[in-house]
Amino acid sequence: MRIALYGSKMADTAPGGSGTRSGSKHTTTPADNYYLARRRTLQVVVSSLLTEAGFESAEKAAVETLTEMLQSYISEIGRSAKSYCEHTARTQPTLSDIVVTLVEMGFNVETLPAYAKRSQRMVITAPPVTNQPVTPKALTAGQNKPHPSHIPGYFPEFPDPHTYIKTPTYREPVSDYQVLREKAASQRRDVERALTRFMAKTGETQSLFKDDVSTFPLIAARPFTVPYLTALLPSELEMQQMEETDSSEQDDQTDTENLPLHISTDLKKRMLQYYSRTPPCLAAGMGRRI
Amino acid sequence: MNRKKGDKGFESPRPYKLTHQVVCINNINFQRKSVVGYVELTIFPTVANLNRIKLNSKQCRIYRVRVNDLEAAFIYNDPTLEVCHHESKQRNLNYFSNAYAAAVSAVDPDAGNGELCIKVPSELWKHVDELKVLKVHINFSLDQPKGGLHFVVPNMEGSMAERGAHVFSCGYQNSTRFWFPCVDSYSELCTWKLEYTVDAAMVAVSNGDLVETVYTHDMRKKTFHYMLAIPTAASNISLAIGPFEILVDPYMHEVTHFCLPQLLPLLKHTTSYLHEVFEFYEEILTCRYPYSCFKTVFIDEAYVEVAAYASMSIFSTNLLHSAMIIDETPLTRRCLAQALAQQFFGCFISRMSWSDEWVLKGISGYIYGLWMKKTFGVNEYRHWIKQELDQIVAYELKTGGVLLHPIFGGGKEKDNPASHLHFSIKHPHTLSWEYYTMFQCKAHLVMRLIENRISMEFMLQVFNKLLSLASTASSQKFQSHMWSQMLVSTSGFLKSISNVSGKDIQPLIKQWVDQSGVVKFYGSFAFNRKRNVLELEIKQDYTSPGTQKYVGPLKVTVQELDGSFNHTLQIEENSLKHDIPCHSKSRRNKKKKIPLMNGEEVDMDLSAMDADSPLLWIRIDPDMSVLRKVEFEQSDFMWQYQLRYERDVVAQEEAILALEKFPTPASRLALTDILEQEQCFYRVRMLACFCLAKIANSMVSTWTGPPAMKSLFTRMFCCKTCPNIVKTNNFMNFQSYFLQKTMPVAMALLRDVHNLCPKEVLMFILDLIKYNDNRKNKFSDNYYRAELIDALANSVTPAVSVNNEVRTLDNLNPDVRLILEEITRFLNMEKLLPSYRHTITVSCLKAIRVLQKNGHVPSDPALFKSYAEYGHFVDVRIAALEAVVDYTKVDRSYEELQWLLTMVQNDPVPYIRHKILDMLTKNPPFTKNMESPLCNEALVDQLWKLMNSGTSHDWRLRCGAVDLYFTLFGLSRPSCLPLPELGLVLNLKEKKAVLNPTIIPESVANNQEPVNTTNNHGQPVVFQNTFSNSQEEEEIDMDTVHDSQAFIYHHLNMLERPSTPGKEQSSGEVTMHPVSAAPLSVFSKESNSSKHSDHHHHHHHEHKKKKKKHKHKHKHKHKHDSKEKEKEPFAFSNSPASARSIRSPSLSD
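First to last, the sequence lines map onto chains A and B. FYI, the numbering for the first sequence is 1 to 290, going by the numbering used here. FYI, the numbering for the second sequence is 291 to 1439, going by the numbering used here.
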């Protein structure tokens, strides 16, 4: 019997019979796996039906075609049943949905129980159930809190504790003035450099050296339609600073005061501004001239 | 002449008096940049036979002229369009300047002339004879004006209002004729009705009170009606239209501010100070602001930063700033104060003639100075006076003098008061811009001298008198003859002074006003111990150009051990030596305090001084009461004492400059002490920084300790715990802010023994940049960062180059690499977070040019050219252009020069065009005595064309082109031109020599040749230039002098002959204008010998006698002419540019 051999071959050639994807080398995703498994099961079914019908062997292409047909048929049943169930404002299809579907598809439902109980039928073992893919551990931290008694059970569960529980950190912040200033300065400089390099890479540039355009790339000068606006209006960053310094009137500084505690937030703000920057003129519909 | 005139009161040069003018602009099209409107002038004839009315008009296309509703014929002739005939091969500047002055004279409203000549219809002659009112109605339009009105139309989507398109009037001196026909003179006053119909989203701002705004029926447009009841000269009329945001001044409701969209917050801040200026002026002048309202308009692409007009001022929008900007604030306030001062003197009070301009500029400059003194303090004021004085002195010594009150009486060449200059000073429009700037500077300095002489109290009384006379006159609504009281003249002003103060200031006026030049003193002294006398020797240089001899009192202040003593020396013809007795008998008294001039008593370490002499320091003319330059010799310790203990900032600054020559540890100490002294004026401390750097460089081999100023800077501005890190910025204290900005710039000038900037200094500056942190600062640090870049640029020294190798990245000096890294980052960051006025970009561009020039980076103008394009902020463009100009000079690039000159002709912004010429003049690619591959015939032709006809729409630009031409080629024929053909030269030279030996050159004669030939051959010549025009004017002159009936008849004839529509331009009807060589030569003599007289004045008999001898010739010619006229219809003298301006009446609409 060639059909028995068939099954084992399938592992090598599936899915879709393309044969170009070799399973061993290819990394498969869970979705791919399901697909493969379904396909194999269907093939087994088709093969057994063929055997039942008295075939001794079948061409690969024939089996494939039949599998395809079966798959389409079942899919159509599913799709149609879903539509019927949704039509009646349900989410789960019931038996009657399936029946109506089958009727609609021109299938004689009455014959079904008889066919199911036919004597010469072959029973196929259920495909091995693979265990549910586990959600990566990293995203769950600790035990989700159970509902307190006053919350009904059907309410959603509490989210992971780390999403709402304050986590104290234990590292001592660096408070050495010099280090902080150093850090702030180099951080800012790095951001600025990275950003300007990025801009220079992505846009037009000018260079001071004809033979080398990458070492000191200058973002190309582009004329404005309304040049005085950018030149005169304070940038948003400056406006923010104004507000901040206005609210906390500047006092005489000492060294330890004005520690750059907001470095990170400040930088973030700047970065955001760089990227989502709409010059005031753009905002008002006065873009650069092209 | 003028003074005589003043004594008799004002005599109008016109045979009529203008009393009222309506200007109505019906339509302004921003897309096409065009204006359509009409004017209506109400005039009263003052003579019975008034038959021609001359008005000023340039650029305007005139459709139709009606006088009292009757169509009137008119001709339009503007000789300034093309100064020299286009065929002429003449290329020498002397010739041009004469021709240009003649052309300007020919249309000068102050001489009763104008470009537009309207013939009074004969039906009205009777009416005129009864001296009844005439209403002259002129329909005109302006299409793409190149001067006078400036359109700013950003190229983007949206309606004109959304784009921020605007238009405003601008120009140098009287330029109103560029945008509507008028009598464009400061001395013809009238009341005004101004109407502007604009898009409903736009605002029209103009002079006087806004009476009403009326919407049109479709509600899409509205008309602004302005009334100006105070008699005002046309030259003081202005206009600005745009989608302005409007701010009513919260302190003074009659003051309104206008700015372009989105700038309102800046406007609020910028103008919040203006009311104080108002209060100040009103208080010192004890006179209310003369107009009922005041408007400030801030516009883009301004012609000048500040332009004052009647009851409104137009400012550059770039003066606006937010509260975070430190450096711009005082500058903007100064501009506001200047504009306001000119409202009183300049707008409300106008001048009688050009030679009285100095009074107005002087007074407005002077009261502005008083405001400065009050606002910024005496130190700032004195510093400013010193600065202005130095400037005027340097300019006069360079060019040979600035004359405040030119008198043009004689008309002889040798009397030309400005023969040392390459332009005529007879008209404001022929003046070099730099000269005019210096003129204003000198004017206010002279006012200060007058104040010194008669006291401030009297001075203010005089001003008050002028103002109250004027306001009485201005309220005489129907007595227009009274209005001349609103005009100031030199004589009237001097009379007021003598009436009020009872003092005779004639010598002072003679010295500084009627005469040009400054005084140059050289002083030295010796102390005679036996006689206890200071022997002071004061020499003068009065032979160099720009100098004059000073005779009179001179104050000398001597600081002795026992105190400070003033001595007034009489400077006389031959006395050089002056003995000044000393007061201090003492050897030094130990531990005794030394009294200073201001009464303060201080302890001094006297160990440095000469044991035998009680003299600490000596100052000549400490009050700057002479326009002078003093070079005084005293020993270094005396300068040091002067720097440390003299309380006058001017003395301190002088001491600092003198100490540059004494690089000693003592000087170092004195300078360092000043730097540290917080009571010391910040500008002095800033100056001390630079001096210290120079001294340190001179002392480099013996210098001990860290680089100059480093420890000082560390102590003042760096953290206590970590001295290598600068404190986070806090600019609350402006004095230390300015010092913090300046010190690194000065430090970067330090050089080690190898003449390189010390590594330590460079790293220090780089650290300042690295650790600069402005987050907690209330103020913007853009100027500070810009100066740090300037410091980096200052640290650059010429690259050591081996065999002229090509500059590439690989052989880049590591220090330069660090500098370049910073510049690149700064320049790129500017694209993301632009700084105020792009100061950082400006500094970066300058620094890059420095690197190029020093051979670290390949010299290449491409980068600068991209930044110089239209569309960048003006400061950036100027900086970039400056670099291109410099490149042009250093690399002798013809291509870049062409690029610059193209920009001069085509750039949309007048200021840029002007500035390029200015920069080329200051940093010329070559000069007249230099061999240069750039100097060729094509360039000569190009520049000639530029000043001859290419710049007729902008006086300032034309004068700028003249300046450049002068710098490049000098006064005579440029050396790069091929030699003229010899035969011709001789031939004509002969003629020339007979007629006019004083005037130039063979080339003049030579180059008249083509003209002559054409004429001799009887080929048709269209009147197209000064040449023929002036000639015609000459004829008029002759005739008016001698009532040549034939000629008048001829003139009337041609006016009465309205040309047939469409035909007057056709080539077949051009006048035959046969001019023989002889009259031409007569012309050249005429124009030179009597160039300053009022040729066009009908009732001017002054030159009768002088010209009599030419009469015959002329008469002969006129007859000839009039005969010709019978045959040939008259052709209007026009250049192509104005061709469209001539329309016969019947052609209207």
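Check before you lean on any hint, since a few could be wrong.
Which bits of chain A does chain B cover? Going by a derived footprint, with three or more residues having C-beta under 8 Å, they are [claimed, not checked]: (1) 72-85; (2) 168-181; (3) 224-236.
Please keep in mind that the hints were generated in silico from the structure rather than gathered at the bench. Since this is a predicted model, take the numbers as computed values, not measurements. All C-beta atoms, glycine included, are put in the ideal place defined by N, C-alpha and C.
A quick look at each hint next to the structure:
{"no.": "1", "hint": "72-85", "in the structure": "violated (count 0)"}
{"no.": "2", "hint": "168-181", "in the structure": "holds (count 3)"}
{"no.": "3", "hint": "224-236", "in the structure": "holds (count 12)"}
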